[in-house]
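Chains A and B supply the protein sequences, listed in that same order.
Counted the way UniProt numbering counts, the first sequence spans residues 1 to 557.
Counted the way UniProt numbering counts, the second sequence spans residues 1 to 557.
Wrong hints could be hidden among the right ones.
Put simply, identical chains are the same to the list, so a pair is met inside one copy or across any two.
As the list claims (entries may be wrong) - Derived DMTMM-like pairs (lysine to aspartate or glutamate); straight-line CA-CA distance at most 20 Å:
#1 470 x 350
#2 178 x 402
#3 178 x 193
#4 17 x 33
#5 251 x 11
#6 477 x 400
#7 251 x 550
#8 476 x 233
#9 451 x 11
#10 544 x 215
#11 476 x 155
#12 251 x 122
Since the hints were derived computationally from the structure, they do not count as laboratory data.
Number of protein chains: 2
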Amino acid sequence: MTLTKYLSDLEIATNAKMQPIMDIAKKAGIPEEAIEQYGRYKAKIDVNQIASTKKGKVVLVTATSPTPAGEGKSTVTVGLADAFQQLKHNVMVALREPSLGPVMGVKGGATGGGYAQVVPMEDINLHFTGDLHAITSANNALAALIDNHIHQGNELNIDPRRIIWKRVLDINDRALRKVTIGLGGPLQGVPREDGFDITVASEIMAVFCLATSVDDLKQRLANIVIGYTYDREPVFVRQLGVEGALTLLLKEAFKPNLVQTLGGTPALIHGGPFANIAHGCNSVIATGTARKLADIVVTEAGFGADLGAEKFMNIKARQSGISPDAVVVVTTIRALKMHGGVSKSELTIENAAAVTTGIANLARHIESVRAFGVEPVIALNRFVADTEAELAVVLTWAKENDVRIALTNVWEQGGKGGIELAEKVLEVLAKEQNFHHLYELSETVEQKITKIVQKVYGGAGIHFTDSAQKQLMQIKKLGWDGLPVCMAKTQYSLTDQPSLLGRPENFTITIREIVPKLGAGFLVCLTGDIMTMPGLPKQPAALKMDVTADGRAEGLF
Amino acid sequence: MTLTKYLSDLEIATNAKMQPIMDIAKKAGIPEEAIEQYGRYKAKIDVNQIASTKKGKVVLVTATSPTPAGEGKSTVTVGLADAFQQLKHNVMVALREPSLGPVMGVKGGATGGGYAQVVPMEDINLHFTGDLHAITSANNALAALIDNHIHQGNELNIDPRRIIWKRVLDINDRALRKVTIGLGGPLQGVPREDGFDITVASEIMAVFCLATSVDDLKQRLANIVIGYTYDREPVFVRQLGVEGALTLLLKEAFKPNLVQTLGGTPALIHGGPFANIAHGCNSVIATGTARKLADIVVTEAGFGADLGAEKFMNIKARQSGISPDAVVVVTTIRALKMHGGVSKSELTIENAAAVTTGIANLARHIESVRAFGVEPVIALNRFVADTEAELAVVLTWAKENDVRIALTNVWEQGGKGGIELAEKVLEVLAKEQNFHHLYELSETVEQKITKIVQKVYGGAGIHFTDSAQKQLMQIKKLGWDGLPVCMAKTQYSLTDQPSLLGRPENFTITIREIVPKLGAGFLVCLTGDIMTMPGLPKQPAALKMDVTADGRAEGLF
Numbered sequence: 001m002t003l004t005k006y007l008s009d010l011e012i013a014t015n016a017k018m019q020p021i022m023d024i025a026k027k028a029g030i031p032e033e034a035i036e037q038y039g040r041y042k043a044k045i046d047v048n049q050i051a052s053t054k055k056g057k058v059v060l061v062t063a064t065s066p067t068p069a070g071e072g073k074s075t076v077t078v079g080l081a082d083a084f085q086q087l088k089h090n091v092m093v094a095l096r097e098p099s100l101g102p103v104m105g106v107k108g109g110a111t112g113g114g115y116a117q118v119v120p121m122e123d124i125n126l127h128f129t130g131d132l133h134a135i136t137s138a139n140n141a142l143a144a145l146i147d148n149h150i151h152q153g154n155e156l157n158i159d160p161r162r163i164i165w166k167r168v169l170d171i172n173d174r175a176l177r178k179v180t181i182g183l184g185g186p187l188q189g190v191p192r193e194d195g196f197d198i199t200v201a202s203e204i205m206a207v208f209c210l211a212t213s214v215d216d217l218k219q220r221l222a223n224i225v226i227g228y229t230y231d232r233e234p235v236f237v238r239q240l241g242v243e244g245a246l247t248l249l250l251k252e253a254f255k256p257n258l259v260q261t262l263g264g265t266p267a268l269i270h271g272g273p274f275a276n277i278a279h280g281c282n283s284v285i286a287t288g289t290a291r292k293l294a295d296i297v298v299t300e301a302g303f304g305a306d307l308g309a310e311k312f313m314n315i316k317a318r319q320s321g322i323s324p325d326a327v328v329v330v331t332t333i334r335a336l337k338m339h340g341g342v343s344k345s346e347l348t349i350e351n352a353a354a355v356t357t358g359i360a361n362l363a364r365h366i367e368s369v370r371a372f373g374v375e376p377v378i379a380l381n382r383f384v385a386d387t388e389a390e391l392a393v394v395l396t397w398a399k400e401n402d403v404r405i406a407l408t409n410v411w412e413q414g415g416k417g418g419i420e421l422a423e424k425v426l427e428v429l430a431k432e433q434n435f436h437h438l439y440e441l442s443e444t445v446e447q448k449i450t451k452i453v454q455k456v457y458g459g460a461g462i463h464f465t466d467s468a469q470k471q472l473m474q475i476k477k478l479g480w481d482g483l484p485v486c487m488a489k490t491q492y493s494l495t496d497q498p499s500l501l502g503r504p505e506n507f508t509i510t511i512r513e514i515v516p517k518l519g520a521g522f523l524v525c526l527t528g529d530i531m532t533m534p535g536l537p538k539q540p541a542a543l544k545m546d547v548t549a550d551g552r553a554e555g556l557f
Numbered sequence: 001m002t003l004t005k006y007l008s009d010l011e012i013a014t015n016a017k018m019q020p021i022m023d024i025a026k027k028a029g030i031p032e033e034a035i036e037q038y039g040r041y042k043a044k045i046d047v048n049q050i051a052s053t054k055k056g057k058v059v060l061v062t063a064t065s066p067t068p069a070g071e072g073k074s075t076v077t078v079g080l081a082d083a084f085q086q087l088k089h090n091v092m093v094a095l096r097e098p099s100l101g102p103v104m105g106v107k108g109g110a111t112g113g114g115y116a117q118v119v120p121m122e123d124i125n126l127h128f129t130g131d132l133h134a135i136t137s138a139n140n141a142l143a144a145l146i147d148n149h150i151h152q153g154n155e156l157n158i159d160p161r162r163i164i165w166k167r168v169l170d171i172n173d174r175a176l177r178k179v180t181i182g183l184g185g186p187l188q189g190v191p192r193e194d195g196f197d198i199t200v201a202s203e204i205m206a207v208f209c210l211a212t213s214v215d216d217l218k219q220r221l222a223n224i225v226i227g228y229t230y231d232r233e234p235v236f237v238r239q240l241g242v243e244g245a246l247t248l249l250l251k252e253a254f255k256p257n258l259v260q261t262l263g264g265t266p267a268l269i270h271g272g273p274f275a276n277i278a279h280g281c282n283s284v285i286a287t288g289t290a291r292k293l294a295d296i297v298v299t300e301a302g303f304g305a306d307l308g309a310e311k312f313m314n315i316k317a318r319q320s321g322i323s324p325d326a327v328v329v330v331t332t333i334r335a336l337k338m339h340g341g342v343s344k345s346e347l348t349i350e351n352a353a354a355v356t357t358g359i360a361n362l363a364r365h366i367e368s369v370r371a372f373g374v375e376p377v378i379a380l381n382r383f384v385a386d387t388e389a390e391l392a393v394v395l396t397w398a399k400e401n402d403v404r405i406a407l408t409n410v411w412e413q414g415g416k417g418g419i420e421l422a423e424k425v426l427e428v429l430a431k432e433q434n435f436h437h438l439y440e441l442s443e444t445v446e447q448k449i450t451k452i453v454q455k456v457y458g459g460a461g462i463h464f465t466d467s468a469q470k471q472l473m474q475i476k477k478l479g480w481d482g483l484p485v486c487m488a489k490t491q492y493s494l495t496d497q498p499s500l501l502g503r504p505e506n507f508t509i510t511i512r513e514i515v516p517k518l519g520a521g522f523l524v525c526l527t528g529d530i531m532t533m534p535g536l537p538k539q540p541a542a543l544k545m546d547v548t549a550d551g552r553a554e555g556l557f
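Next comes chain A alone, as it looks inside the complex (with noise of 0.2 Å):
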């Protein structure tokens, strides 16, 4: 088998022959009234039309520690709910959209790949139905306001110095990580410090991803605090009055965005936080939605089970009282060498050595979903590199540990590629859960981050820099110490360094900043040197992209 017999990602997703968008709510159960088209594949959906009381179950995907190999998580959450439809079973995705910098940064999308993927790919890879543009608007909208209230007299008498509030673009662009503003004289405002983060890393799109309605919309984004006063008094957007603005600058964006996976089955794509960064997890209100409509929502938390699935369950499921029913957690033979210390060019070599070694990386993942009292399922997605020896590493592991587990072959069969894995999750969703959360709310800061680091990282401790400490003092000072925390942390490794793989123990990670998210609810803790801007490669995708003539897409993945 070569690999030259296989079309692009975009070849495959242009040649689909999509369903008119209209048949696709059709098969979901949604009421005509509450679809707004965008083009003939896409529709935003007005929530409040659908009165179902429904509550489907909830499959929650999650995978190893990602490596430079590629897991498929996306393509096994789209090949997972395909199968579940071949089954006949009444089945939605739930996704997060994808931000627009790694798009031209690193050649790769997040709607899957191969004969899993949600289509139209290449508009939900661009701009799609604008969410994420009105999210960067709001965002700098608000900027905009704070830096106009000082300049008009500041009278809340916000101390420059002490804004927290950064601007944000939906942009990998390292030169405006940190920036000087206001320069040129008093009549172009007053120069402070600021910084760009990616639009991802926005409060608003944690506020957004976790808001139930809009009002809570609304009230969320009023308890955002932007900085401090001269006196070290938090400063919310409430007191600047701007809150109905930004909410009327998101509210169509709120409406959950309706697509199809290539196997034809109705899929939400709506919010997208990274998981480093932020919480990882795609909107309550498209989950919630998904839920009314369907019997099984396959939804996804970015990388690792140590970022998105934590976050999924420490922070969404603790807000929005949606819990996974099940938890499906995708590796390959490829990812575990990594772990296991290949190097990405020897990865076609075959070495169950090596896989043996790194599957303590997949065991690490696989106790911590238990340690949230739910019972895991891998997903072995087949590469087709995979040796039968490699293959019997894993599956001999499995059973010795008392893990189901399933071969997924999506990538290449879509839907088909899934069965196995979706009998092994309606196992699962058979029983019962005990699904709890890691930490109560009334637990020091301390506590909840000692807890995460040992049962999810698997690490030692904790350290706090000086910084950090005084932060957390007047974290407590203003009792706000009662939220959940939102880690900030490399994906690459369980540990705060990136190039420590496999499963490392006894390390401590380090706190280096605490900023409190009062809009989001919760405290983001930044560990080692984790950057909320990313940057461009030398060799950015955009050099490869291009239009054709006829306004085809070229070169985006």
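Using the hints, position chain B against chain A.
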């Protein structure tokens, strides 16, 4: 008659019974396969699916120099089109799409008013179909790619001090006018001075509005000059090799947007450069498409005839071959009174003498239009406080100066209030016009600017600052002096001083900077203190905006 009986523009627009966009498309003669719906009342048009070779007549609507009293140019444009429709003409409107920045800043939309509006006004004013966001993305992706190129080794030898490509946001944000970026050490890029413009000032907006096809769009993007090397050689986008990616980001946005007027006239709203800092006309692709579909196309150019109309005729008409068959100059008694020296608080007091003085501004614009060989028609847009004596001043002046004039009352009456104007315009359309540009491309840059200043602004001459003089020398050396000029000038005055209303004489215009826009195909000449990034007022419109619990917008005009 009291003002209390009037509903707000938003209330009128919200109460309106709109026709489904497919019905509007049918009325316009657009084949179903060319339509991509965006919600129920907006659509994008695939212009390649429109085969017609028709070339409808073009009515260009312009105005006297704008005052805080408001002239109602967009309102008259929409009302005139509805009047043509009532007279059973096959008519379409082509308008610019609003920028979000001013919407959040100063109350007042760009979609007309009263019973002469394009709808859905709320959507059009907020995000619409995302075109401006796509332009923002493309502009800032290019900026990130430039800084990344320098950070990754700077193969093209770009001088970071001589980059002219600025970042943009569709927000009024004075604090971003002058910034320093790339701070924080070697991993965060190369420090340099930079600044943000508002999106509508981006060269990409100009390119977008002047391109005649996707291929032309790509060519123009490739031709953009982003800065200079250490050897003072220009650096083009094509050298970075990213024109394909930028075109891909703009591909869907480049399709014109179809909406409707309150009178049910099909309207294309597409592209929206400001006329003070850019060329001020909606896209060539929209005007061209409207001409293929309708016998009469009513379109608008921004601000007074000294700005939008001059640029329509010297830039857009020259590049696209679309010249006006009639020009409407909108004015009001209130505006003329302000040009005659009356303050805004005293506008309701009858003052025929002030009208007589202020009419000089109108006279200047009428002369300007005639300088292009096109016959103007005055639309005297009625307000409730206008008195018979005041109206008589203008009517008499028009008669004495042999200019057609019509009273309009479209704000209150919709199309019916524009019938008289439509009839006068039809008289002009029945005659062959002698349209010509005001200067030849072969003339020197100084000659081109001087002709505009003398024949359009009514000034004496021009003055270059030393730095503009140097820039001009370099432009000549590079052979770019054969391009048309795009004046960046205050809209409030015929001079470069915003406070000089009426018809100043014997003034000179100071050119303080010349920015070559090779993609757009013109040289931007900045005069006076014209800002390319507006600021917010002390009480921004955003403070009044809200969303009700049932999802309705409030406080938006």
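So, going through the hints one by one against the coordinates:
1. Within a single copy, residue 470 and residue 350 get their C-alpha atoms no closer than 51 Å, and across copies no closer than 67 Å, so neither meets the 20 Å cut-off.
2. In the homo-oligomer, the alpha carbons of residue 178 and residue 402 never lie at most 20 Å apart, since the shortest distance is 49 Å inside one protomer and 62 Å across protomers.
3. When the C-alpha separation of residue 178 and residue 193 is checked against a cutoff of 20 Å, the pair qualifies both within a copy, at 7 Å, and between copies, at 12 Å.
4. When the C-alpha separation of residue 17 and residue 33 is checked against a cutoff of 20 Å, the pair qualifies only between copies, where the shortest distance is 16 Å, while the shortest distance within a copy is 25 Å.
5. For the homomeric pair residue 251 and residue 11, the shortest alpha-carbon distance between copies (18 Å) is at most 20 Å, but the shortest distance inside one copy (34 Å) is not.
6. Neither within a single protomer nor between protomers do residue 477 and residue 400 lie at most 20 Å apart by alpha-carbon distance, with minima of 49 Å and 78 Å respectively.
7. When the C-alpha separation of residue 251 and residue 550 is checked against a cutoff of 20 Å, the pair qualifies only between copies, where the shortest distance is 11 Å, while the shortest distance within a copy is 35 Å.
8. Within a single copy, residue 476 and residue 233 get their C-alpha atoms as close as 13 Å, which meets the 20 Å cut-off; across copies the closest is 58 Å, which misses it.
9. Neither within a single protomer nor between protomers do residue 451 and residue 11 lie at most 20 Å apart by alpha-carbon distance, with minima of 45 Å and 54 Å respectively.
10. Taking the closest pair of Cα atoms, residue 544 and residue 215 come within 20 Å of each other only across two copies (17 Å); inside a single copy the shortest separation is 43 Å, beyond that limit.
11. Proximity of residue 476 to residue 155 under the C-alpha cut-off of 20 Å is found in neither arrangement, the shortest distances being 27 Å within a copy and 51 Å between copies.
12. Taking CA atoms no more than 20 Å apart as the test, residue 251 paired with residue 122 passes between copies only; the shortest distance there is 11 Å, against 24 Å inside one copy.
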